[in-house]
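Number of protein chains: 2
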Amino acid sequence: MQTNEALDIEGTANVLKLLGDKTRLTMVKIMSEHECCVCEFVDLFDMSQPAISQHLRKLKDSGIVNEARRGQWIFYSLNQTSPYHSFIQTVIKDLPSQAFKVEELTAQGKRICCD
Amino acid sequence: MQTNEALDIEGTANVLKLLGDKTRLTMVKIMSEHECCVCEFVDLFDMSQPAISQHLRKLKDSGIVNEARRGQWIFYSLNQTSPYHSFIQTVIKDLPSQAFKVEELTAQGKRICCD
DNA sequence: CCAACATATAACCAAATGCTTATGTGTTTA
DNA sequence: TAAACACATAAGCATTTGGTTATATGTTGG
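Sequence lines, in order, name chains A and B. Quick note on numbering: the numbering used here labels position 109 of the first sequence as 109, and the sequence is numbered without any gaps. Each number in the numbering used here corresponds to the 1-based position in the second sequence with 1000 added.
Result set (DSSO-like, lysine-lysine): computed pairs, CA atoms no more than 27 Å apart in a straight line: (1) 1110(B) <-> 1060(B); (2) 17(A) <-> 1060(B); (3) 1022(B) <-> 22(A); (4) 1093(B) <-> 60(A); (5) 110(A) <-> 58(A); (6) 1017(B) <-> 60(A); (7) 93(A) <-> 1058(B); (8) 58(A) <-> 1017(B); (9) 22(A) <-> 1017(B); (10) 1110(B) <-> 1022(B); (11) 60(A) <-> 101(A); (12) 22(A) <-> 1058(B); (13) 1093(B) <-> 17(A); (14) 93(A) <-> 1022(B); (15) 1017(B) <-> 1058(B); (16) 1093(B) <-> 58(A); (17) 1058(B) <-> 1093(B); (18) 101(A) <-> 1017(B); (19) 58(A) <-> 22(A); (20) 93(A) <-> 1060(B); (21) 58(A) <-> 93(A); (22) 1017(B) <-> 17(A); (23) 1022(B) <-> 17(A); (24) 60(A) <-> 1022(B); (25) 93(A) <-> 1017(B); (26) 1058(B) <-> 1110(B); (27) 22(A) <-> 1093(B); (28) 58(A) <-> 101(A); (29) 1058(B) <-> 58(A); (30) 1017(B) <-> 1093(B); (31) 22(A) <-> 1060(B); (32) 22(A) <-> 101(A); (33) 110(A) <-> 22(A); (34) 17(A) <-> 1058(B); (35) 58(A) <-> 1022(B); (36) 1101(B) <-> 1017(B); (37) 17(A) <-> 1101(B); (38) 1093(B) <-> 93(A).
If you're looking for bench data, these hints aren't it; they were derived computationally from the structure.
Put together the whole structure using the sequences plus the hints.
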């Protein structure tokens, strides 16, 4: 079992609070498998675009995720340099893969790709 | 690294929400090291007895902890039969030990023991 | 430069959260 | 059996949370 160093209780509680929301937890699991932009999340969740943006902002403010603009789109991904990155990986490790959702997007031609 | 089976996103999010509070996270870490009764938690946290009871109730309602009355006191401990038990162990594994707090209680003669 | 698109922000609101104080319930002991 | 103790529950309240709609900002393409 992997060991993370120097996790303090307060910081960890804050990360867990962020992950303690079904939408954000699913987002994080998705991002652990695929980079995603906002409009993809909007398609994946039954929720307005501002609601999605606000969840992503919380994750970004905490340093859990990165944003990267590519043209029109802003892509979000897990921040691998966060002190909590490996902790988060541990937490989401056994959650069911959400890859099928992204595959459904692809099947519907809704997947954004900037290559 | 240990693997837990069949964790669903919604249930996991609920557990994480419970752990996403500094007080409850500390309580759970303490209980992973020592069984504790309510009055000990009251001594350990700068908080009223009802506040402590309410945190413990949430943990109990979710099946994360057990309660056991022994005489006057009610002792709380991690419920090892919870489907989330090993997941919780994984989450709290690298948090700093809280054993020193219980040792302080013992030093002050405030530790409850029913043997 | 302007229309269309992607995203962020602001303002608002209902529901949930986490505390408080007051009081009820169960157990022990004198 | 009554007082003392441990704990739970109820009610009230301020704050936080997570959504909504409306609007602002930034980017692209005609």
